[in-house]
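Protein chains in written order, with the numbering used here: chain A, 1 to 241; chain B, 242 to 695.
Treat the hints as calculated values from the structure; they're not laboratory data.
Where is the CB? At the ideal position from N, CA and C, for every residue including glycine.
Any given hint could be a false lead.
Each pair of labels, with its calculated beta carbon distance range [to be verified]:
id: 1; chain 1: B; residue 1: M618; chain 2: A; residue 2: R126; range: 33 to 41 angstroms
id: 2; chain 1: B; residue 1: G392; chain 2: A; residue 2: A51; range: 23 to 31 angstroms
id: 3; chain 1: B; residue 1: G335; chain 2: A; residue 2: K194; range: 42 to 50 angstroms
id: 4; chain 1: A; residue 1: Y95; chain 2: B; residue 2: G392; range: 16 to 24 angstroms
id: 5; chain 1: A; residue 1: A128; chain 2: B; residue 2: I355; range: 26 to 34 angstroms
id: 6; chain 1: A; residue 1: R178; chain 2: B; residue 2: N444; range: 43 to 51 angstroms
id: 7; chain 1: B; residue 1: L454; chain 2: A; residue 2: L197; range: 30 to 38 angstroms
id: 8; chain 1: B; residue 1: E608; chain 2: A; residue 2: A190; range: 43 to 51 angstroms
id: 9; chain 1: B; residue 1: E489; chain 2: A; residue 2: A40; range: 54 to 62 angstroms
id: 10; chain 1: B; residue 1: D334; chain 2: A; residue 2: K194; range: 36 to 44 angstroms
id: 11; chain 1: A; residue 1: Y95; chain 2: B; residue 2: D334; range: 49 to 57 angstroms
id: 12; chain 1: A; residue 1: R126; chain 2: B; residue 2: K602; range: 45 to 53 angstroms
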Amino acid sequence: MTDQVAGTALAPMTDAAGTVAPTTMRGVPHRGGAENPSAAALLAHFGAAIARVDVVWGETTVVVQAASLHDIVAWLAADPAERYEYLSDVTAVEYRDFDRPLEVVWHLRSLVHRRFLRLKVQLPKRGALVVPSVIDIYSGADWLERECFDMFGVRFEGHPDMRRILLWEGYREGHPLRKDFPLRGRFSRAEQLKQALAADPEARYSMEELSIAQAFESLPLDMRERLAHRDASGDAGRTGE
Amino acid sequence: MTDVFKDVASRHGSGTEALTGRRTIEVALGTSGLDAQGLPLRAPLVVQGGSAVALEPGMSRHEPELESDHMLINIGPQHPATHGVLRLVLELDGETVVRCIPHIGYLHCGFEKIGEYRQYNQIIPWTDREDYLNSPGNNVAFALGAERLFGVEVTERCTVLRVILMELSRIISHVVWLGTTSVDIGAFTPFLWLYQERENVYNLLEGWCGARLTTSITRVGGMAADIPDGWLDGLRAFIKGFPKTLDECVGMLETNAIWAGRTVGLGAIGPAEAINSGLSGPMLRASGVPYDVRRDFPYLDYETYDFDVPVGTTGDVYDRFLVRVEEMRQSIRILEQAVQRLPDGQVNIDDPRLILPAKHKATSEMESMIHHFKLVMEGPRPPVGECYVPVESPKGEKGYYMVSDGTSKPVRWRIRPPSFVNLSAIPKLVEGHLLSDVIAINASIDIVMGEIDR
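Using the sequences and the accompanying hints, generate a full structural model.
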């Protein structure tokens, strides 16, 4: 599959059917305006799974059901008329209005057709914040999904390594980009300092890394004891909550 | 434990724990030579009580058995060749990288969170500090995004001035890349020559806005200031002088056996995999994918400029070098055209909702004073909406995704960081290469930790 994609991606993009010559966007209307043709194709193909199509500032947003997100992205990436081969971004938005659902956002790009599409899944905050991972379709989703989990606590089902990425694994204050997270953090400065001073510098190697080359056995005895104790007491704080 | 260590240990009477198989160091003798068996002469050293001692002649010279052992090597976060606080944990088989586990986040400052508590113009200084080698470019990118959100179009003159900023910014970023990468690989001269050119650009920026590194030069709807008199002459001198310096530096590297030997064939990635990994910018184009935001999703009237998008063929470190060098030459071409077409006129739009009134008006006219007060205290309010405006930053596709709920502060300000996504591919790039090549491959990604950790 990959080789075929490679061959065609190199074809001149201007020759793609239905493509207009790219120009700087001017006088884009706030609402309405030209809709990305992929939205109509999605409606025809997935019907019930498409909740809404919006065009805001010239960009098409398709709100879809979480359950069918993976199928929709896979179809968009593979269908020869769509070819959204490039995943720009995965992120989430939480609104200041508490009752509005949290939105997970995917920015997809078709390099061949020069199209841009935004997919959204709305997650009510009272339910589980889980969406399917698209890492099997785009390997570039790996860190983007981990960051989204780190910052918002949205879990991506199917991601093989759903750990924090920017914050450390033992971070217990929650997910910083949530609106209920205060700007200065949940803990007091004194508590943050206390935790920083008490931090175990050896925890900077994960056990997985130490298992490389049986490095664990060659550590000094006292360090091994401390590490074993840390593991037994569950101090690693994997979820950070 | 081999016999050697047992021998030594028993001779010195210390416990066997003090000596492990990993502590052997072998150094070649000062004079090169071969022994009777044709093996190079060496003086094996053994760690003894914290210092290295030579084995006495006549002792057996067994190599410690390390074939089956993989080694764990930690690089960073404080390491000059990781270009910031990046930490790589490598699993090595001999000198070959089997696995690479990157760790990031040491510079995380929560820019996106802070942005939710700031008015749009107040966010611009934060954009200086994420990809700090490309501050003017980030300022322009942010202003473009915010202007889409406000539904305004900037003036002709402002558009051309912003193109000049974007391209100067690309040049200084690539110049730093080329300079630091050549230091990593072992050439120091290009670094000094190129930094001199970078100084020239910083002098220009200082003349324009007063700051060198953290420019904060744009505003939503215009610029902080118009260019001062005579500024274009300085720019013309730079346009004339820079290609010469660049050619000299590239001439030193391009056909240099050491440079080629340390870059060709390293960290290659094919076009399909590069697209699938979300790579962008020179990383993607070196793999042969002609995707450039300036050409494919133009902004600032880039479609009206005459420039080429260089692409590589193999996607290795050497191709990334060639692509970046050619991009600098193309940037000079764009700069020449921009200087020629720079029109006269206002640099800020005429919109009291966004632009502060002139100071003398604010102190003499009631209307202007109210606008001034509202703009400073409340800040401009965009309508409810969202937008993602990508630009071609020197590192790749950088986009600001902004969501507004109608208040003067964004609900969400998301930075799409190109070097974050580019760096996420590093385990794939370094696997199977030598430890020393990890440095070259890591350098070729052109990472800025300020942008990755934000």
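Each hint, compared with the structure:
1. M618(B) - R126(A): 33 to 41 angstroms: The hint (33 to 41 angstroms, Cβ to Cβ) holds, given that M618(B) and R126(A) are roughly 37 angstroms apart.
2. G392(B) - A51(A): 23 to 31 angstroms: At 26 angstroms between Cβs, range holds.
3. G335(B) - K194(A): 42 to 50 angstroms: 44 angstroms, holds
4. Y95(A) - G392(B): 16 to 24 angstroms: Since the Cβ atoms of Y95(A) and G392(B) sit about 21 angstroms apart, the hinted range of 16 to 24 angstroms holds.
5. A128(A) - I355(B): 26 to 34 angstroms: 29 angstroms, holds
6. R178(A) - N444(B): 43 to 51 angstroms: 44 angstroms, holds
7. L454(B) - L197(A): 30 to 38 angstroms: 33 angstroms, holds
8. E608(B) - A190(A): 43 to 51 angstroms: Taking Cβ atoms as reference, E608(B) and A190(A) lie about 50 angstroms apart, which means the hint holds.
9. E489(B) - A40(A): 54 to 62 angstroms: Between E489(B) and A40(A), where Cβ atoms are some 55 angstroms apart, the hint holds.
10. D334(B) - K194(A): 36 to 44 angstroms: Once the Cβ atoms are compared, 42 angstroms apart, the range 36 to 44 angstroms for K194(A) and D334(B) holds.
11. Y95(A) - D334(B): 49 to 57 angstroms: 50 angstroms, holds
12. R126(A) - K602(B): 45 to 53 angstroms: 52 angstroms, holds
Consistency note: the structure conflicts with none of the earlier hints.
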